[in-house]
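Undergrad: One line per chain: the protein sequences are A and B, in this order.
Per the numbering used here, residue 1 is the first one in the first sequence, and the count goes up by one each step.
Per the numbering used here, residue 1 is the first one in the second sequence, and the count goes up by one each step.
Simulated from the structure, these hints should not be mistaken for lab results.
Check before you lean on any hint, since a few could be wrong.
Said to hold, decoys possible - Examples of chain A residues lying across from chain B (beta carbon under 8 angstroms, computed):
#1 Trp54
#2 Tyr55
#3 Phe56
#4 Gly57
#5 Phe59
#6 Gly60
#7 Asp63
#8 Lys114
#9 Asp115
#10 Thr117
#11 Asp118
Don't be surprised by glycine CBs; every beta carbon is placed ideally from N, CA and C.
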Amino acid sequence: MKNKLPSILLLFLFLFLPNLVIADSPYVLPYPSAMPGGIVYKIHLAWEKLSQYWYFGDFGQFDYNLKESDKYLVEAKTLFEYNQYLLGYNALQKSNMYFMLTLPDLETAKNHGKDITDKRILLSQAADKHIEILEKLKMEVPLTFTWQPEKSNATVLNIKSLIDFGIGIRQKYL
Amino acid sequence: MKKIFFTIYILFLIAIVGFSYLFIDPNLIYLKHLYTGFAFQKKLYTTLIFIFLLIISFSFYILFIYLYVRGKLFKKDLIFLLSVSIFILPFSYPAMLSYDIFNYIATAKVAFFYHENPYIIMPIEFTHDPLLLFMHAANKVALYGPLWILLTGLPYLLGFGSFLLILFLFKAFVILFFVGTLLIIWKLTKNTFSVLLFGLNPLVLFETVISGHNDIVMVFLFLLAIFFLRRNKMILSLILLLASILIKYASLALIIPFGYLFYSYFKNKKISWDKMYLLGAGAMTLVFFLAPLREEIYPWYFTWILAFITLIPKHKFLLLISIVFSFSLLLRYIPFMLLGTYFGPTPVIKILVTFMPIIFTTFFYILYFLFKKKSLFKIK
Numbered sequence: 001m002k003n004k005l006p007s008i009l010l011l012f013l014f015l016f017l018p019n020l021v022i023a024d025s026p027y028v029l030p031y032p033s034a035m036p037g038g039i040v041y042k043i044h045l046a047w048e049k050l051s052q053y054w055y056f057g058d059f060g061q062f063d064y065n066l067k068e069s070d071k072y073l074v075e076a077k078t079l080f081e082y083n084q085y086l087l088g089y090n091a092l093q094k095s096n097m098y099f100m101l102t103l104p105d106l107e108t109a110k111n112h113g114k115d116i117t118d119k120r121i122l123l124s125q126a127a128d129k130h131i132e133i134l135e136k137l138k139m140e141v142p143l144t145f146t147w148q149p150e151k152s153n154a155t156v157l158n159i160k161s162l163i164d165f166g167i168g169i170r171q172k173y174l
Numbered sequence: 001m002k003k004i005f006f007t008i009y010i011l012f013l014i015a016i017v018g019f020s021y022l023f024i025d026p027n028l029i030y031l032k033h034l035y036t037g038f039a040f041q042k043k044l045y046t047t048l049i050f051i052f053l054l055i056i057s058f059s060f061y062i063l064f065i066y067l068y069v070r071g072k073l074f075k076k077d078l079i080f081l082l083s084v085s086i087f088i089l090p091f092s093y094p095a096m097l098s099y100d101i102f103n104y105i106a107t108a109k110v111a112f113f114y115h116e117n118p119y120i121i122m123p124i125e126f127t128h129d130p131l132l133l134f135m136h137a138a139n140k141v142a143l144y145g146p147l148w149i150l151l152t153g154l155p156y157l158l159g160f161g162s163f164l165l166i167l168f169l170f171k172a173f174v175i176l177f178f179v180g181t182l183l184i185i186w187k188l189t190k191n192t193f194s195v196l197l198f199g200l201n202p203l204v205l206f207e208t209v210i211s212g213h214n215d216i217v218m219v220f221l222f223l224l225a226i227f228f229l230r231r232n233k234m235i236l237s238l239i240l241l242l243a244s245i246l247i248k249y250a251s252l253a254l255i256i257p258f259g260y261l262f263y264s265y266f267k268n269k270k271i272s273w274d275k276m277y278l279l280g281a282g283a284m285t286l287v288f289f290l291a292p293l294r295e296e297i298y299p300w301y302f303t304w305i306l307a308f309i310t311l312i313p314k315h316k317f318l319l320l321i322s323i324v325f326s327f328s329l330l331l332r333y334i335p336f337m338l339l340g341t342y343f344g345p346t347p348v349i350k351i352l353v354t355f356m357p358i359i360f361t362t363f364f365y366i367l368y369f370l371f372k373k374k375s376l377f378k379i380k
C-alpha cells in the first residue's frame with residue numbers, strides 16, 4: 001500500500017487538478033462599477049454613449065464592446081447576487097449584446113489588413129471567463145422570475161434561458 | 001580668422017552628422033546597409049567621441065557669444081551660422097540620443113494608417129508592423145496633445161508610406177517650427193544676441209535639429225501667443241496658448257504668467273515684459289523639476305526654459321546657469337552610452353552630471369562676486 005501511495009496521489013492530481021486549472025481563464029474581469037438606481041449610474045450611461053465615439057477604429061470598437069460586455073457581466077452577477085433579478089436580467093442582455101459585436105469588429109479589422117491573432121486569443125480568453133461566470137450564475141439564480149410592476153401586467157423573466165443564450169454566444173467565440 | 005572658425009564649424013557639423021550614424025539601431029531594416037554596430041560594441045570610444053563633440057560644440061557656442069560680445073559677430077554671420085546648422089544637421093540619424101521620433105511616427109501611423117485612436121490603441125497591438133522592431137515605446141498609448149497628433153498627419157501622409165521619407169519629413173517639420181521660433185525671438189527682442197543664444201545653443205541643436213523633439217512646436221506656439229499678446233490681440237493669444245498646451249501639456253504652467261499679463265492688462269497696469277519672461281521661465285522650471293514624478297528629467301525639456309531665458313539676456317547669472325545646464329543635461333546621455341543600461345549606477349551618475357556643474361558654477365560665481373565684485377562678462 002505504501003508503494004502505491006505516490007501513484008494514487010499522482011492519479012488524484014491528474015484527475016482533479018487539471019480540471020480546476022482549465023476552468024480558470026487568465027482573463028481578468030473589472031471590479032463592479034456604479035449600480036442602477038443612482039445619479040452616478042446615469043452619468044455612467046452617458047459616458048458609455050460618449051466613449052463609443054472615442055473608441056473609433058476596428059480595434060477601438062473591439063476594445064469598447066469587450067470592455068462594456070465585461071462591465072455589464074460583472075454588473076449582472078452583482079445584481080443577481082442581491083436578488084435584483086430585473087436589473088440583473090437587463091445587464092446580462094446588454095453584456096450579451098456587446099459581446100456579440102466583438103467578433104464582427106475583429107473580422108472588419110482583418111478585412112482592413114490588421115493582424116488580429118492576439119485580439120482573437122484575448123476574445124477566446126474573455127469568452128472562457130464569461131462562460132465560467134455564467135455557469136456559476138446558472139446554479140445560483142431561479143429558472144424564471146416574475147416581475148410585477150406597479151399598475152401594469154406581470155412579466156416573466158426567463159433568466160436561465162438568457163444565461164444559456166449568453167453561454168451559447170460565447171461558446172461560438174471560443 | 002572668422003572664416004577659418006566658420007569653416008571648422010561646418011566641418012564639425014558634418015562630423016556630428018557622421019557620428020550620429022554610428023547609433024543606427026541593428027533592427028532598423030531601412031538603414032541596414034549603414035549599420036556598423038560601433039556605438040553598441042565600442043561603448044567607451046563612442047562615449048569619448050561624444051564627450052569630445054560636446055566640448056567642441058559648447059566651445060563654438062561660447063566662442064560665438066564671445067565674438068558677439070566683442071562686436072565681431074554680426075547679423076549676417078549669425079544668419080550664416082544658423083543656416084549651415086539648419087541645413088547640415090538634419091541629415092543626421094535622428095535616434096542618436098532618443099527614440100522619440102519613432103514614437104511620433106508610430107503614433108501618426110496608428111491614427112492615419114490604421115485609423116485607430118492612438119490614445120487607446122498602442123503600436124504594439126499591430127503585431128508584425130516593422131516599426132515594432134526598433135521603436136522603444138511600443139507599449140504606450142499616445143503621450144502628446146491631440147493637436148500634435150493632428151499635425152503629424154502632414155509629414156506622415158506626405159511620406160507616402162516610405163519610412164525614410166517620413167522620418168526626414170518629421171525632422172523637416174520640426175525644423176520649420178525651430179526657424180519660426182527664431183523669428184519670433186527676433187520679433188520679440190529685436191536682439192540678435194537672443195537669437196544666437198537660443199539658435200546656436202548645442203542642446204537646442206541636438207534635441208531639435210538632430211533628434212527632432214516636438215517641444216519646439218510647443219515653444220513656438222507659446223512664444224507666438226506672447227507675440228500677439230504684446231500687440232493686444234488677446235483672443236488670438238489665448239488660442240495660441242491653448243494650441244501650445246494641446247501640443248504638449250507642459251505649457252499649461254504658462255497660465256500663471258499669462259494670468260499675470262491679463263490681470264495687468266485689464267487693470268491697466270504697466271506690463272513688465274521682463275517680469276513676464278522671468279515668470280514664464282519660473283513656471284516652466286517648475287514643470288521641468290516635476291518631470292521625475294512621471295518619468296525623469298529629459299534634456300530637451302530645458303528648451304522650454306531656455307526660450308524664456310534667451311529673451312532676457314541681461315540676466316547674466318541666469319544666462320551662465322542656462323549654458324552650464326545645457327551642457328550638463330547633454331552629459332546625462334553618457335552613462336547609458338557607456339554602460340548600455342538604465343539601471344545600476346546609471347541613475348546616480350545622471351543626477352551627478354546634471355547637478356554638480358550647476359553647484360560648482362554657482363559656488364564659483366558667488367566666490368567671484370565676493371572677491372571681484374564685478375560681473376563675469378559685459379554684454380553690449
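Undergrad: If a hint holds in the structure, say so; if it does not, say that too.
TA: Do the hints match the structure? See the list:
About 7 angstroms separates the beta-carbon of A:Trp54 from the nearest beta-carbon of chain B, less than 8 angstroms, and the hint is met. Taking 8 angstroms as the C-beta contact cut-off toward chain B, the hint placing A:Tyr55 at the interface holds, the least distance being around 6 angstroms. Hint status for A:Phe56: holds, given a least beta-carbon distance of 6 angstroms to chain B, under 8 angstroms. Proximity of A:Gly57 to chain B holds as hinted, the smallest CB-CB distance being about 3 angstroms (cut-off 8 angstroms).
With a least beta-carbon distance of about 5 angstroms to chain B, the hint placing A:Phe59 at the interface is held under the 8 angstroms criterion. For A:Gly60, the suggested interface contact is upheld, since its CB lies about 5 angstroms from the closest CB of chain B, less than 8 angstroms. Interface hint at A:Asp63: satisfied, since its Cβ lies 6 angstroms from the closest Cβ of chain B, which is below the 8 angstroms cut-off. Annotation: interface hint on A:Lys114 holds; nearest CB of chain B at approximately 7 angstroms, less than 8 angstroms.
With a cut of 8 angstroms, the hint placing A:Asp115 at the interface with chain B holds, because the nearest CB-to-CB distance is about 5 angstroms. A hinted interface residue such as A:Thr117 counts as satisfied when its beta carbon comes closer than 8 angstroms to some beta carbon of chain B; here the least separation is about 6 angstroms, so the hint holds. Interface restraint check for A:Asp118: the shortest CB-CB distance to chain B comes to about 6 angstroms, inside 8 angstroms, so the restraint holds.
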